[in-house]
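**Q** Sequence:
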Amino acid sequence: MSLTLARALRMEPAACAVFIGAGGKTTAMFKLARELPAAIVTATTHLGIWQTSLADRHIATDEDTIENIEGFQGVLLVTGKPEGERVKPISEKLLHRLHQHCQTHAIPLLVEADGSRQKPLKAWAEHEPPIPEFADLVIHVAGLSGLGKPLSETHVHRAEKFAQLSGLDMGETISLEAIANVLTHPQSGLKNIQKTARRVVLLNQADTPELQSAAHTLTSSLFPTYQAVLISSLLHDQIHAVHEPIAGIVLAAGESKRFGKPKQLLDWKGQSFVRAVAQTALRAGLSPVVVVTGANAGEVEAAVHDLNVLIVRNEDWQSGQGSSIRQGIKALMPPPSLRDTSPKSFGFGGSWEGVWVGGAVFLLTDQPQVTTTVIQALKEKHAEGLYPIVVPLVMDRRGNPVLFDRATFPDLMHIEGDTGGRALFQKHRLEYLPWHDDRLLLDVDTPEQYERLIAMEDL
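Number 492 marks the last residue of the sequence shown (the working numbering); no jumps.
Among these hints, one or two may not hold up.
[Unchecked claim] In silico lysine to any residue, SDA-like type, Cα no more than 25 Å apart, as pairs:
no.: 1; residue 1: K460; residue 2: K290
no.: 2; residue 1: K152; residue 2: T137
no.: 3; residue 1: K152; residue 2: G104
no.: 4; residue 1: K126; residue 2: E205
no.: 5; residue 1: K414; residue 2: D429
no.: 6; residue 1: K224; residue 2: P242
no.: 7; residue 1: K126; residue 2: K152
no.: 8; residue 1: K152; residue 2: T60
no.: 9; residue 1: K460; residue 2: G353
no.: 10; residue 1: K152; residue 2: H269
no.: 11; residue 1: K290; residue 2: V345
no.: 12; residue 1: K64; residue 2: H269
no.: 13; residue 1: K182; residue 2: A247
no.: 14; residue 1: K414; residue 2: M44
no.: 15; residue 1: K363; residue 2: D444
no.: 16; residue 1: K290; residue 2: S352
no.: 17; residue 1: K152; residue 2: E96
no.: 18; residue 1: K126; residue 2: E96
no.: 19; residue 1: K224; residue 2: E243
no.: 20; residue 1: K182; residue 2: N214
no.: 21; residue 1: K224; residue 2: L209
no.: 22; residue 1: K126; residue 2: A158
no.: 23; residue 1: K290; residue 2: P467
no.: 24; residue 1: K121; residue 2: D169
Just so you know, these hints were derived from the structure itself, not from any lab.
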């Protein structure tokens, strides 16, 4: 599935998206605007005169109000009056009025909030970037064509400031580490951004396999400063990947009635099933990892208490797996006391620390044989297209674990009984991950199956 920028950014109706940085801001902003039924585009900085032709209609004004924009479809650009080869930014009062108009009519407002003089990278002056306090989404654009170039004004706007933030000297080669240092610096990537705004990095100009590989390498160092990292070649109309933190939810609440004793505590290579599964989730880079307990809760929780996991007890475990799924998803929502300081979208702001999650992998405690390799492959497949559900396919049979995109979370919150996530398979598109390990098809419901699993691992 080819990703649009709107889908990759998870744009919502009436959202205010602010573009900052360098290396394709204007291209990204107008590409996004073109993908939407209607959008109002403006700037709190100067735009080039030539850029005004990218809109369907351009209003240039020094006034604090504008009229006759009701019902407009397409891309409407609102700027200040021309000033030489540029147009001036709009007034703060007009910006707020545009925001009110967009909120009332459920129209996205797109704002360019700084200039970069056509350079791929930049650092900010003291007065930059002028990000409105009502921004829902801030997209920091960075051009990868600057990677490997000498640090100078030829490639970096405000190169001396970039040097201070990155740790480089002028003339040194711009490295991935230097770009990461600037993007995550409090006086750079986080500057003037409200806590309620979702922060996204757009690594643009990834026009070669080498630059795409470099972008993937850079991604992990940008979390949790940002909630998502997009890798793109916008001039070629390509979104290569959308990386977001993916949670792990370990379902460990069952009674194991058929087995006769708690499966969660069975031995797997010297440790309990539940501990082995939780550690696999952590090693695979899932974050946060939630362990949902229920039956035999005290013993199960003791097995993982020293791990970096969030333990959630399901008091309603006897009603079926659906209640554990709901508890796991609920754990990814900030508590009411933090709702106003968490990034906005569907009410799912992330963990209690406000970590944004793009989806969740559900892991069963009776499958300790699941590897980090398959979990990472599920994450990579999801990043390619933000598919609603990603399922391993082994010999034409669906296996576990399964990754659910955050768009499915509201539906997961309504699952009842013991059907599990399969209840959503008819409603949401399934993307299959071909896999050649039939151990994913084996779970442990009886002592005989446990013996078989142990025997398979001993081969």
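**Q** Are the hints correct? Go through all of them and say.
**A** Outcome of the hint check:
The hinted pair formed by K460 and K290 fails the criterion: a straight-line CA distance of about 31 Å is larger than 25 Å. About 37 Å separates the Cα atoms of K152 and T137, which puts this hinted pair outside 25 Å; it is violated. With a C-alpha separation of about 37 Å, the suggested pair K152 and G104 falls outside the 25 Å cut-off, and the hint is violated. The hinted pair formed by K126 and E205 fails the criterion: a straight-line CA distance of about 43 Å is larger than 25 Å.
A threshold of 25 Å between alpha carbons decides the hint, and for K414 with D429 the separation of about 18 Å falls inside it, so the pair holds. Annotation: proposed proximity of K224 to P242 is violated, straight-line Cα distance about 31 Å (limit 25 Å). With a CA separation close to 30 Å, the supplied pair K126 and K152 exceeds the 25 Å bound. The straight-line distance between the Cα atoms of K152 and T60 is roughly 13 Å, inside the 25 Å bound, and the hint therefore holds.
At roughly 21 Å between alpha-carbon atoms, K460 and G353 fall within 25 Å of each other, so this suggested pair holds. The hinted pair formed by K152 and H269 meets the criterion: a straight-line CA distance of about 18 Å does not exceed 25 Å. The suggested pairing of K290 with V345 holds, with an alpha-carbon distance near 21 Å, which does not exceed 25 Å. A threshold of 25 Å between alpha carbons decides the hint, and for K64 with H269 the separation of about 12 Å falls inside it, so the pair holds.
With a C-alpha separation of about 14 Å, the suggested pairing of K182 with A247 holds against the 25 Å cut-off. For the given pair, K414 sits about 21 Å from M44 by alpha-carbon distance, which is consistent with the 25 Å threshold. Simply put, K363 and D444 have alpha-carbon atoms about 12 Å apart, close enough for the 25 Å limit, and the pair holds. Simply put, K290 and S352 have alpha-carbon atoms about 14 Å apart, close enough for the 25 Å limit, and the pair holds.
For the suggested pair K152 and E96, the alpha carbons sit about 31 Å apart, so the restraint of at most 25 Å is broken. Straight-line distance between C-alpha atoms of K126 and E96 comes to about 9 Å, which keeps the hinted pair within the 25 Å bound. With a CA separation close to 30 Å, the supplied pair K224 and E243 exceeds the 25 Å bound. At roughly 16 Å between alpha-carbon atoms, K182 and N214 fall within 25 Å of each other, so this suggested pair holds.
Between K224 and L209 the CA atoms are separated by roughly 20 Å; this keeps the pair inside 25 Å, and the hint holds. Of the pairs offered as hints, the one joining K126 and A158 holds, with about 23 Å between alpha carbons and a cut-off of 25 Å not exceeded. Of the supplied pair hints, the one linking K290 and P467 is violated, its CA atoms being roughly 33 Å apart against a limit of 25 Å. For a cut-off of 25 Å, the pair hint linking K121 to D169 stands: about 24 Å separates their Cα positions.
When the structure is compared with the earlier hints, violations turn up for hints 1, 2, 3, 4, 6, 7, 17, 19, 23 and for no others.
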